[in-house]
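Student: Residue numbers (the numbering used here), protein chains in the order written: chain D, 17 to 263; chain G, 1487 to 1816; chain F, 3 to 294.
Partial list, computed: chain F residues near chain G (C-beta under 7 Å):
(1) Leu37
(2) Leu96
(3) Gly103
(4) Ala104
(5) Tyr261
(6) Thr264
(7) Leu268
(8) Val272
(9) Met276
If you want the footprint, here are the derived chain D segments under chain G, 3+ residues with CB under 8 Å:
(10) 101 to 107
(11) 111 to 125
(12) 128 to 136
(13) 170 to 178
The following residues of chain G were derived to be distant from chain F, with all beta-carbon distances above 12 Å:
(14) Ile1508
(15) Leu1573
(16) Asp1648
(17) Tyr1650
(18) Phe1660
(19) Leu1663
(20) Ile1667
(21) Val1765
Honestly, the hints are just simulated from the structure, not real lab data. Glycine included, every Cβ here is placed at the ideal spot set by N, Cα and C.
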Amino acid sequence: MRSLEGKNDNSVILRTSGLTKQFGGLVAISGVELGVVRGTVTGIIGPNGSGKTTLFNTITGYVRPTKGKVFFDGEDITGLRPHEIVSRGIVRTFQVPQCCRELTVRENIRLACLRCYHARTIESKIDEFVRLTGLEGYYDSRAGNLPIGYLRLLEIAMAVATQPKIILLDEPFSGLTDVECQKTSELIKELSNTATLVLIDHKLKHLMPLVQTVTVLNQGTVFFQGKPADVSCSPDVQRIYIGGEIG
Amino acid sequence: MNIGGRRLHVSLLTKNKRWVLILGGLACVPLIIDNPYYLKTFTIFFVYSIFAMSWDLIGGYLGIVSFGHALFFGVAAYTTAILNVKLNWPPLLGFPFSIACSVLISLVVARPTIRLKGHYLALVTFAFPIITTNILYAFPNFFGADLGIPGLSPLSSSRTRDFYIVYSFVWVIFFLLRRMIHSDTGLILRAIQSNEVAAMNCGIDTASIKLKMFVLSGMLAGAAGFLYAHVIKIASPANLELHMSVEALVMCIIGGAGTLSGAILGAVVVTIVNELLRVIEQYRVLGYYVLVLIIVLFSPKGLTWYVDSAFTLLGKGKRRRSAVIRGEER
Amino acid sequence: MDVILNLLIYTFTTGSIYCIIALGFSLVFGVAEILNLMHGVYYMISGYFVYTYYIAFNNMAIAVALAILSTTVFGALSYVVVHPVLESPFKTLLSTFAVGGAVSEILFLVYGVTTYGLPNLLPGGFMILNTPVIKQAILAAGVALFIFVCFTVFLSRSDTGRAMRAVAQNEEIAKLSGIDINTVKFTTIMIAAFLSSVAGTLYLPLQSLNPGVWMKITVLSFVIVVLGGMGSLGGLLMSSYIIAFTEYATTLSFAEGSYIKTGVYLLIMVVILMFRPQGLFGKYLGPLEVQV
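Chain D on its own, in the form it takes in the complex:
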C-alpha cells in the first residue's frame, strides 16, 4: 500500500465547489463546498436525507452533478465515470456492501487487484489484504454467504486493492455490533496511515474518535464544519438531530 509519508503537506486532496444535485423536484445537495486535507480523516454527519450519500455519489461519478465541480489532486474530475475515478485513486464503499455475491472472497479481491497489480504478485497481495481485514479462513467462501460484517470487510479489502489515495466510507458501522464496530475502528485507523479517509456514519460514538474534522450536512447544505469537539458541543447541530444525542 502506498504510504503517505512525506506527503502530509496539509494540501487539499479533494475539493468540491458548489456541488449541487437535483433529482426532479428534489434537491439532494446544494452548493456543497468541501475540502479534504491530505492524510486526514474527515467525518461527514447529518440526519437522514441530508445528502451525505448523494455527496459521495456525485464525487465518485455514480451520479452526475447538476451544478458544481469536483477537484482531485488539482484535476477536475466532475462527471467522470466511476471506473475512471477509481483509476485516479478515489474509491468508495457503499451502505450496502457491493461485492460480487456469486464470486468467492479470493475472486472478489483478485478482481480488485487486476487493475494495479501484476499477475505474478496478485496471489501474495490477496493474502496481504485478507490479513489486513481479518478474512482468513474465508478465502473460498462465496461472498453471498457472508454475513454483513464480513461483507463490509471484503468490500474494504477490495477498495484497498485499488491502490487508493483516498477512501470514502459510507456508513461502515451500520448494521454492526459494538464489538464489530471496535474492530472496524481499528481497521480504519490502520487505513488512515496509508490513505486519506472520509467517513459517513450515524454512530457518532465510533466515528468521532477517528476523525480530525467534521462536516455536518443538513438538508443538502453544509451546516457546520469544525473539530469533533466543536461539533459535539454545538447546540445547533444537536438540534438538527431530532431527539438525538451527540458524543
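Model the placement of chains G and F on the given structure of chain D, informed by the hints.
Tutor: Frame of chain D, contents of chains G and F only:
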C-alpha cells in the same frame, strides 16, 4: 491458474482430457459415416454449436440476453452470398468481409442494446433482425426477397473437407473461448454479471468490456452464418428470422448454458430433434414449438437464473442501480 | 385530397382498433410483468372463431358474441399454460413465443394459409367527399373507442381496476394489502384477450385471415406501448394513432412500403428506447427499465 508454468500445463491437460477424447472421436465421424446427408447434418450441428457459443458468451456470461442473435448470423450469410454469387468471389475471400459486416452490425446495434436490460433488451434485440429483413425485402431484386440468394459455392471440393473445415472452426473457437473464460477476463465477465457496480468500483470499465464481448459475440455468430450459407449453399430471410434467434436460446437453455460445453450440448440436442421431427414433416414446425414449450415448462427451476438475474436483479436497471447508489438495497 | 382523406380514415379506424389491442398488451405487461409474445394470437384467433361460428350458426351477431367469449376463455387458458414459469421472465418469453407459434401452426394446418368470406356485421358503406368508407370499419372503431373509455372508467373506479393498478405499481405491497396477485394477473390476461377479441371480431372480417399475423400484431402492440409509454392511457391512444398513421404513410411513400412498414415503426421504437425510454407520454417506466 497462474501458479507456475509446469503446473499450468498439467492442469490444462487433465481438465481437457475429456475434450481431447471427444474431439478425437468426432474427428472420425466422416470415416464412419458414408451418407452425405448425415455428414451434412453433422456439419450443420457444428455450425449451430458456434452460433450457440456466440450467444452464450454474452447471454450466459454477461447477462445480455439477445433475442435477435440471428441478425449477425444472417448478415454474414447474405454478405458472403452477395460476394460469392454476384461477384464470383471465392468463399475464402468472402470470409473476412462477412466477418467485417457482422462486426459492423454489432457496433451499430451495440449502442441501444448494451445499455438496456431485461425486457427492454429483449425488445430491441428482437427488433433489429426484423428491421433488417424489411430492408432485404425493400430491395427484392438485389436480395432475392423470399427466396434469398441461392447458388453459393461449397466451402471445398468434398463434403468431408467441408466437415473438417467447420470442425476446425468449432474447436479453435471453443478452446480459445475456454481459455478466455478461465482467465482473468472470464473473472471480469462473471463479476460484471454478478454485480456491475462492484466491478466498476474495482476500476473496471464495464461498458467497454460489454461492448468488446458483444462485438466478439457478433463476430462468432457471423462466422457461423458464413459457414452455414456455404454448407446449405443459400442465404435466405429464414436465416434472420426469430426462429433462428430462438434456436440459440433453446440450445443454451437445454445445454444449461453459462458453460461453453452446454452450448455445444444444446446444439447436439436441437440438431437431433430437428432431424427427428422431419419424420412428421407436415407437423414439424408444430412439433418444434410444442417441444420448446415442454422443455421450457419442465426445465428445472433454477436453470435460467443467470439470464433471469439480468431481468430482475440487474434488469430493474435504473431503479435498482439508483437504489443501490442511494444506499437502499442490494 | 383523396389520399389525405383515406389516410385520415385509415388512421382513425385502424388506430382505434390498435388502441385496444395495445391496451391489453400494456395491461399484461404492467400488471403481470409479462412481455406476452403471443399477444397477437388473441386478436388473430378471435377472427378464426368468428369464421367458424359463422359457418356453424350462419348469424354474424351470434358468431361475434361467441367468438369474444371463446377468445377470453382462450386467454385464460394461455395464462394457465404459462403460469408455472412466471417467476422466470426469460422462460416466460420463450413459452409465450412457443404457445403463439404452436397455435399459429395449428390454425395453419386446419384452415390453410388464407381464409376469406365473412360478411360484415354492418354491411355496406357510404361516401364522404367522394371517398368510400366502409360502415363496418367505422363500427369497429366506434366500438373500440367506446370500450376504451369504459375501460378507463373501470380501471379507476372499480375494485378490480384498483387492484390491477396496485399490482402494477408494487407487487410486494399489493400482496401485503391482501390482494390476490394471482387472480389479478389472471383477470388481466383475460381482459387483454377480451379487448383483442373485440377488435378482432369486428375488424378482421374486413380482411382475410392469416395464421401468421399474430407476430405482427404483437410487434405492433409493443411498439405502441413503448412509444406511448407506460401509465398513460391517453398516451396509448395517441401513440396508436401515430403508429397507424405511420403505417399507412409508409405504405404510400415507398414502392415496397407494405413490406417495410414493420421495420419503420420498429426503428421508431429503437430510437425511443435510446433517447426517451419512458415513451412520449409515459409516467413511469414499469418493468421497462433502462440503466443509467
